[in-house]
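Residue numbers (this note's numbering), protein chains in the order written: chain A, 1 to 396; chain B, 1 to 396; chain C, 1 to 396.
Treat each hint with caution, since some may be false.
Remember, identical chains collapse to one label, so a pair may be satisfied in a single copy or spanning two.
The calculated DMTMM-like cross-link candidates involving lysine to aspartate or glutamate, where the alpha carbons are at most 20 Å apart (straight line), are [what the hints assert, rightly or not]:
#: 1; residue 1: K58; residue 2: E354
#: 2; residue 1: K246; residue 2: D123
#: 3; residue 1: K344; residue 2: E89
#: 4; residue 1: K152; residue 2: E139
#: 5; residue 1: K92; residue 2: E238
#: 6; residue 1: K92; residue 2: E69
Simulated from the structure, these hints should not be mistaken for lab results.
Given next are the chains, with one letter for each unit.
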Amino acid sequence: MTTKPEEANGSRKRKPRPQGLEDWRQWPNYEAATLGLRNYWYPTVWARDLGDKPQGIKLLGENIMLIREGSEVYALHDRCPHRGVKLSEGKKVFPGTVSCPYHGWTFDVTDGRLCAALPDGPDSPIVGNVSVRSYPTEEALGLVWVFVGDEKPTPLRDQLPEELFTNDYVAGGRITPGRYGNWRFAVENGFDEGHARYLHRDQAFMMFRQMPGWARTKIVADEDGDWLFRVQESVEYESDFPGLGKWPRRKITQVAQRKMTPGEVGKRLDPTIRSLNLPGHISVRLPGLLRVAWTTYLHFEWYVPEDENHHRYVQYAVRFKTGPSDFAFRLRYWTYIRWLFHGKFTGRDAWMVEEMDAPPERLFRPDVSITRWRRLVESAFEPKQDKKKPAPAKKP
Amino acid sequence: MTTKPEEANGSRKRKPRPQGLEDWRQWPNYEAATLGLRNYWYPTVWARDLGDKPQGIKLLGENIMLIREGSEVYALHDRCPHRGVKLSEGKKVFPGTVSCPYHGWTFDVTDGRLCAALPDGPDSPIVGNVSVRSYPTEEALGLVWVFVGDEKPTPLRDQLPEELFTNDYVAGGRITPGRYGNWRFAVENGFDEGHARYLHRDQAFMMFRQMPGWARTKIVADEDGDWLFRVQESVEYESDFPGLGKWPRRKITQVAQRKMTPGEVGKRLDPTIRSLNLPGHISVRLPGLLRVAWTTYLHFEWYVPEDENHHRYVQYAVRFKTGPSDFAFRLRYWTYIRWLFHGKFTGRDAWMVEEMDAPPERLFRPDVSITRWRRLVESAFEPKQDKKKPAPAKKP
Amino acid sequence: MTTKPEEANGSRKRKPRPQGLEDWRQWPNYEAATLGLRNYWYPTVWARDLGDKPQGIKLLGENIMLIREGSEVYALHDRCPHRGVKLSEGKKVFPGTVSCPYHGWTFDVTDGRLCAALPDGPDSPIVGNVSVRSYPTEEALGLVWVFVGDEKPTPLRDQLPEELFTNDYVAGGRITPGRYGNWRFAVENGFDEGHARYLHRDQAFMMFRQMPGWARTKIVADEDGDWLFRVQESVEYESDFPGLGKWPRRKITQVAQRKMTPGEVGKRLDPTIRSLNLPGHISVRLPGLLRVAWTTYLHFEWYVPEDENHHRYVQYAVRFKTGPSDFAFRLRYWTYIRWLFHGKFTGRDAWMVEEMDAPPERLFRPDVSITRWRRLVESAFEPKQDKKKPAPAKKP
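For reference, chain A alone in the conformation it holds in the complex:
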């Protein structure tokens, strides 16, 4: 396929073309990926919150137990093979192990091997003959990462934004397990071009921002095809809708505001963010990470599949300063960003992700952001030499 018609929807003259079928047949791997994309790293809990008391989580339909042993974190399949009890209900009896609460079957956290079945004595013949699946883990960005898949794990750093490794920064964030809605609705809502201008318009976080009414948008990929960017070719701040009236109405808080040119905005950008040369301030990448470039900080959000109807929602705000501004950003995060942005603002998104009920669906021009994202997922399944080939999660 050489033409990519949905990538350039800016021309006003073009006749409307169908935006695709009302179902998802044209994205078969995406349609099948109800439980998420396998063979990726996923963020789970704050590293500081994980100690030697095991924690149980759900990831891509699988129950997983997390535990810390010294400076390392480990993940095992959260089911004792004996009678099916969750290991995360158990505890650490000996260093480097976790014991099932029921009969004290004791597993080595590093590899899942059964190293004792306590009530059967030291000579228990089952020791060494049973093990539970272990998952690759990493600690990075203050988060515990788990690799779910059947292939050899790629380096975690390959899958994360490079700027988080090459700069110092201070961060604040919020993890919401069990957020309702399939993970695909969450990604689509995050990268969705159209809804922000309507759904979020009257929210407190937007009070002192100039928000366009609508825009002509195209989607561009970066060089190595990791990120997709929403790029606005033109924006309108107030329009006359025939037979209806003007929309959007100017907010009273905006009356005195001056619209800044993109150039002016650029000058006020944080230098590190400016150095990234992002073609658009919203971008998305596999397996479901959104990046929003505000003027002074970056916001990331991961949509981590849990089961068919729930995902873990990880919000992460990054300020590329340290020293005194460390404290200043923390203060701003805890008094403002966490409340109005990571709480109220994205809470309205949570409402829509919960309400969404598609397919059937009927897409419109701004949904080029959604269809392009779906194609990105499909492309990950294409056989290429140096491409990851994730498989859709199977029901466990």
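Since the structure of chain A is provided, determine the placement of chains B and C on it from the hints.
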């Protein structure tokens, strides 16, 4: 079928005949009508409670959004075709429209046509190419009525009790959405001959009434076949049950009471009610409306199908007086009828409608009221020239 | 099959053998008995709590209504055949009967025969033509017993511990309906060799007891094959687990304790319990009764199947003394046993029965108790002349 054996069950000499199968195969259209009878008008909400804030309801398995525009009320299918969000979660942005909360897709409330997709600008090519289903609506008796079906709607008045259009009256009522139980159990319980004498006997609303223990009953239809009436051929107030004892026991509150002859009762009847010449004080009609003629007022109740297991329960008490008695009836309604009748008394019915679990079932003589009602539903499906032909609701 | 390898697992030299498949195919009747074993007596409610107000319970997937009439207790199928309402929601209107709350269908509690349909009068032709199933009942040990099955009931006493009929005793107990988990998990947990030493080790009820870390155990049956006993061939109190460390750690409360020889324990045994000559202090029998012999009292628990995921849990502590020690044991029961044993201790079992999720399963040596119990159930289905042949419960 020329004999109608279940219509006359008064003879004590007749041998017991089976009252039908234990399942509903002999009423195939009735059995299929799990979600209600289509091509009828249904009452939904109080007209005074509907403004320009949309309300979402469920009707015959369909999600429907109601909204008022000036003096008119409108109903649309409550699902934005874009991504499946409910329109009733949205709001009125421009006069005569409702906008989806997610992307501001804006629909004309009169016909469901998409008239703007706000974040795509005034030239959005999708405008005019999408619409949602609209439903015929009427405002009458202080209620908002919606016609659900595939045929041209009949006039609402044809389906309502004529006396409500030819007389002045004052009314009080109660709407209960989400009442548990399939609508058919609710109708059957309402028109059911037998249960009142047992289930309701000891209720406060019955304290000063003489209630027979049992009766010989027949079911008669009025001339044009709209209403079915329960007519008591004989009543007994206390009987000897062999091997068990006397039942019912006289209530202490009834000791001084005199049984009135039907003639005496007739004289005390409200003149308008008397003029109706009702052959029985309980009657039922399609698609599920019960009328109870008390001495001084009429009580109506509609059983409006919501889904397989729930119905909207609309109670409506009518006094054919205006002027000072208007206030007197309102006082009586709010201090007595609403509490003891529309609350406590029919609350016990709600309990039984919730408990009912049939088929299988094993009917007995008084259930002639139920089988006759089922036959009325079946007859509505028979091909006749001037008959409505409703189809059972399909799962949406 | 002449060898019974799982009955003797004491030899340390033997090579590990597979403990069976990971599913339950080798116990086909057991696997099928999701709803319980039919043709047995089951305890239900305390006899003192059953009066002439009907009570509804669930037993082997069937809804059953219990009622007392004078000194006798009765059980009927808890569904009025008329419209499916539960008889246990009704009441006793005439002696010896129960009436459905809806239409007063009145059933003889002794045989389930319809003896009046009140609102149809004394000559109702349906009387005598309808009945509901009745269940054999007995009152014994202060409990109401119901026989569920299709065969002629065996005498209740044949199914109960003989010592409860040949001795005076005082008892205390606790009935928990709706305990989560299939009844088979509850039995298996009760007779399970291994979990006690790990799961219950740190509980208050165990504070002053010496609990071994592990044991070599064999399962023996009594002469007539009614009871299976867990017999410990050797016990260890603290062991070195290679690469892990010592387990179990001595509890501080045990430091001063002296391990008693079995002979010493025997001398302190209650004389009646000693006279039973039990080969082990834990035993189990069909259809799911556990007996624990403590030094001074016996503890019984019945696991009564309710539905696929719930059972009624009946705990019963018996002290073979009367007179002044009657009061002493009651005091001990209500201040100590009921709280720490029948509440806290078995509450932790309830947690595991709820968590268990098998098959698949992977058994280990101590699970000989479980596999032997499963074989006992299978043996009950073998065609023998003087054996009961229960059939697995069918879904009702």
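Evaluated hints:
| no. | hint | result |
| --- | --- | --- |
| 1 | K58 <-> E354 | both (19 Å within a copy, 19 Å between copies) |
| 2 | K246 <-> D123 | between (81 Å within a copy, 14 Å between copies) |
| 3 | K344 <-> E89 | between (33 Å within a copy, 18 Å between copies) |
| 4 | K152 <-> E139 | within (18 Å within a copy, 66 Å between copies) |
| 5 | K92 <-> E238 | between (62 Å within a copy, 18 Å between copies) |
| 6 | K92 <-> E69 | within (9 Å within a copy, 57 Å between copies) |
Checked against the numbered hints above, the structure breaks none of them.
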